[in-house]
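Protein sequences, first through last, are from chains Z and P.
With numbering that gives the first Met the number 0 as the guide, the letters of the first sequence map in order to residues 0 to 433.
With numbering that gives the first Met the number 0 as the guide, the letters of the second sequence map in order to residues 0 to 142.
It is worth saying that the hints were derived from the structure and are not from the lab.
Small disclaimer: the values here were computed from a predicted structure and weren't measured.
Hints are supplied without guarantee of correctness; some may be wrong.
[What the hints assert, rightly or not] List time: in silico DSS-like cross-link candidates among lysine-lysine, alpha-carbon distance up to 27 Å: (1) P/K3 to Z/K384; (2) P/K56 to Z/K384; (3) Z/K195 to P/K76; (4) P/K56 to Z/K393; (5) Z/K66 to Z/K97; (6) P/K12 to Z/K384; (7) Z/K364 to P/K12; (8) P/K56 to Z/K195; (9) Z/K423 to Z/K205; (10) P/K12 to Z/K373; (11) Z/K397 to P/K56.
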Amino acid sequence: MFEYWNPHIERMPIDDLHKMQEERLRSLVRYVHDHSSFYRQRFREAGVEPDDIKKLSDVTKLPFTSKIDLRNTYPTDMFCLPENWVVRYHVSSGTTGKPTVVGYTQGDIDMWADSLARGLTAIGLGRGDVIQVSYGYGLFTGGLGLHYGAERIGATVLPTGAGNTERQIELMQDLGSTAMACTPSYFLYINEVAQKMGVSIRDDTKLKAGIFGAEPWSEETRRRIEDSTGIKAYDIFGTSEMSGPLFTECHLQNGIHIWADLFLIEVIDPKTGEQVEDGERGELVVTTLDKWAFPLIRYRIGDITILNNEPCECGRTHPRIMRILGRTDDMIIVRGINVFPSQVESVLMRTPEIGDNYQIIVDRKGPLDVMAVKVEVTESTFSDKIADLMSLSKAVSKQLKSVLNITAEVELVEPGMIPRSEGKAQRVIDRRKV
Amino acid sequence: MAIKQISIFVENKPGRMARVARTLADAGVNIRALTIAEAGDFGVIRMVVDNTERGYKALHDDGFTVSETDVLAVELKDVPGGLYEIANTLGMNNVNVDYAYAFVTAKAERAMLILRVDDIRRATEVLSEAGVRIATREEIQQI
Chain Z
0 MFEYWNPHIE
10 RMPIDDLHKM
20 QEERLRSLVR
30 YVHDHSSFYR
40 QRFREAGVEP
50 DDIKKLSDVT
60 KLPFTSKIDL
70 RNTYPTDMFC
80 LPENWVVRYH
90 VSSGTTGKPT
100 VVGYTQGDID
110 MWADSLARGL
120 TAIGLGRGDV
130 IQVSYGYGLF
140 TGGLGLHYGA
150 ERIGATVLPT
160 GAGNTERQIE
170 LMQDLGSTAM
180 ACTPSYFLYI
190 NEVAQKMGVS
200 IRDDTKLKAG
210 IFGAEPWSEE
220 TRRRIEDSTG
230 IKAYDIFGTS
240 EMSGPLFTEC
250 HLQNGIHIWA
260 DLFLIEVIDP
270 KTGEQVEDGE
280 RGELVVTTLD
290 KWAFPLIRYR
300 IGDITILNNE
310 PCECGRTHPR
320 IMRILGRTDD
330 MIIVRGINVF
340 PSQVESVLMR
350 TPEIGDNYQI
360 IVDRKGPLDV
370 MAVKVEVTES
380 TFSDKIADLM
390 SLSKAVSKQL
400 KSVLNITAEV
410 ELVEPGMIPR
420 SEGKAQRVID
430 RRKV
Chain P
0 MAIKQISIFV
10 ENKPGRMARV
20 ARTLADAGVN
30 IRALTIAEAG
40 DFGVIRMVVD
50 NTERGYKALH
60 DDGFTVSETD
70 VLAVELKDVP
80 GGLYEIANTL
90 GMNNVNVDYA
100 YAFVTAKAER
110 AMLILRVDDI
120 RRATEVLSEA
130 GVRIATREEI
140 QQI
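Here chain P stands alone, though its shape is the one from the complex:
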C-alpha cells in the first residue's frame, strides 16, 4: 500500500527551490504535496507527485541528488480528532513516525496525511484494522 515519495537534497540558497520546481514543471509533473526540512546549510525537499518515475528521472537527469522513499498516504477525517486517531493507533502499536505532512485534495473533499514510519508493514496493518483508509498509488495519481 506504500507510495513513493521523492526526496531531493538541496543547498539552502536562493534559487535552488525554483530550479527543482522548474525541472518538474518542464517535465509536466504535478506536485501533490510538499515539505521542506532544513538543517542549516542544506535541506531536503520531500514531495509526492502525480508521476513519480517521470519526476525522479527529470530531477536525476538535471543533476540533483534524488532518492525515492516508501511512505504511506492515509486519509484524514476532516473533523477534530482526525489526526489523533491515526497518531494514537500508531503509537499504541509501537510504530514510530519519522515525519509527516498533510495536504488537502483539490476539491477539498478530504485531507491526506503523508507518513514516513519505521515499520511500514505494521503501520499499514494497524491502520487498516482501525478503519483508516490508505490511498493507493493510482488514487494519488488521479487526485
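Pulled out of the complex, with its shape left as it was, chain Z reads as follows:
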C-alpha cells in the first residue's frame, strides 16, 4: 500500500546521493554565474568563483540570498533564462511587503510535480484516489502545485479551490474524495461546518488522508484532527520561492522528506549564518539543484526547523526536516522573549475544553508588552459553574507560562467569535505596531 514513486532515487545510498548533489551543485553554480548578472555580482562581492566550488561542503563559500533580493530584483531580474522559456508565473501575495514573482520552465513544472508525486505515493495515495484540492488556485502555488502532483500519480483531482465550504462537503460525499489538501485551519473549519450539516467525516465520507500545510501547525493539532475525523493528517512543506508545496512526510509521519537530488538544504544559526549541528533548531536555507528558470543559491527561507540526516525507517535515505516551528517573521517578541504561535497552539490543542481556533493578541500597556490568548469554550465540556471556567483559563495560562516563560492572559470567548479562514489563518494580532 505504501510504495515508492521512484525507488531508485528515494532509497539511493547516502554516498551516491552526496555525489549526485556535488555534481549538480557544481553545474548550478556555473549555470547561474553564466546566466545571471545578479549572481555574478553576488559571487564577486563574496570573492568566490565557480571553480572554487568542488566539494559539497564548499557550499558554505557561497553567499546567502533572501526575500530582500527577490524584492529588489522585482519582477524577474533574478531569473536565469529569458521570459520566453517561462511557461508559468506564480506571484506571492506579499503579506509582509512587495509581491515576489517566480517563473518555471516546462522542466521546472515537471520537477515540481515529480517531487510531490514521491510524497503523495509515500502516504499511500495513487490511482483510484480522489484528491480534493482546496488550496487556492491561481497566483498562489498551493492549488496548482497539488493539482499537478496528484495528476502525476494517476489520482483523480477534484479542484475545488478554497471556500464555499458546504459545497466542498457535498462534493466530498458525492464524488468520494479520499484525500484533501488544504491548510490545517481550513480543515478544522470544514469539520465544524460538516458537523453542523449533520455530516460525520469519519462515517459519511471516504476521506482517509489530509495533506495539510501553508501554515505552521502542531503535533497536538494533528492528534485532534485524527481523533475527531478518523483520517491521517500529513504535513506538507514548500514555499513559492522553491516552487510551491514540494515535500511531505511518509506514512510514518516522522519528519518531512526533502528530496536531496532536487534540493540541497542547510539549517543555520540565523545570527551567525553558521550551520548548526543535526538536531539543533535553526533557519532553513535551500539551494535548488534541478530548477532552471529561477534557481536559488543558499536562499534563506525564514522557516525555523530541525534537520535530521538519519535515514527513515520507511527506507528513504533523504534528509528530513522536523515540523516547521514557524517563520522567523511569524515569531513575535514579547518582553524580549521569542514566541512562536505554534508553541501556543501546542498548549491549547492538548486542552479538550478549548475549541480548534485561537488568536494571540499582543499589545502594550505603558512600557510593558502584554499578551492575551483568545480561545473558544466548547460545548462538550462546558460547565455551568463560573469557578470551573475561571480555573480553566488559569490552568491554560499556567501551561503557557511553563512553555513560553511569559504570562499570557487567557480570554474565554463564545464559539464562532474567532474569525475562520479558508486559507492561512491569522493567528496573531500585534497592536504594538503603529
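Got chain Z; can you put chain P on it based on the hints?
Chain P only, in chain Z's frame:
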C-alpha cells in the same frame, strides 16, 4: 424531582444577552426565571424556561455554548423566614448550595426558589421531610 436549567456561556459585551433572548423568542420559548453570573470578560446566563428541550436546541443550533444542569425548584412561603426554613434545613443536613435565585409566579400566588446544590438527592429528601414543596417539571411548564 429535579428540573433542568439551561446555562449559556456569553461574552461580557453589548448585545450578547439580546441575542440569547432573541433566539428564545424566535423559538417561542418562555423564560420563567433567569440570573446572570458575571466574571470579568465573560458570564454565564442561567435560566429556567417552559420548554427546556426546545430552548436548548434553539440556542445550540444558533452556535451558543449551552449546557443543561439539574436544579431544584422549591416553593418559598411568602412570609418572613421563608428562605431561612429552606436554607437552614439544607445547612443542618450538610447540603451545600452552589447558587440560588428566586422568582414570583405570574399570578403572584407563590414564590419559587431555584437551587443548585452539591447533593440533589439528599436535598430533595431533607426538604420533603421538612414539608417543603418541590415543583415538578410539569408544574414549571404550566406556571
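Verification of the supplied hints:
1. P/K3 to Z/K384: Distance of about 15 Å is within 27 Å: holds.
2. P/K56 to Z/K384: Satisfied, since the Cα-Cα distance of roughly 21 Å is no more than 27 Å.
3. Z/K195 to P/K76: 46 Å, violated
4. P/K56 to Z/K393: With Cα atoms ~30 Å apart, P/K56 and Z/K393 exceed 27 Å; violated.
5. Z/K66 to Z/K97: The hint holds at about 10 Å.
6. P/K12 to Z/K384: Measuring from Cα to Cα gives roughly 19 Å; hence the hint holds.
7. Z/K364 to P/K12: 22 Å, holds
8. P/K56 to Z/K195: 13 Å, holds
9. Z/K423 to Z/K205: Between Z/K423 and Z/K205 the Cα gap is close to 25 Å, so the pair holds against 27 Å.
10. P/K12 to Z/K373: 15 Å, holds
11. Z/K397 to P/K56: Answer violated: Z/K397 to P/K56 is near 35 Å, above 27 Å.
In this structure, the earlier hints numbered 3, 4 and 11 are contradicted, and the remaining ones agree with it.
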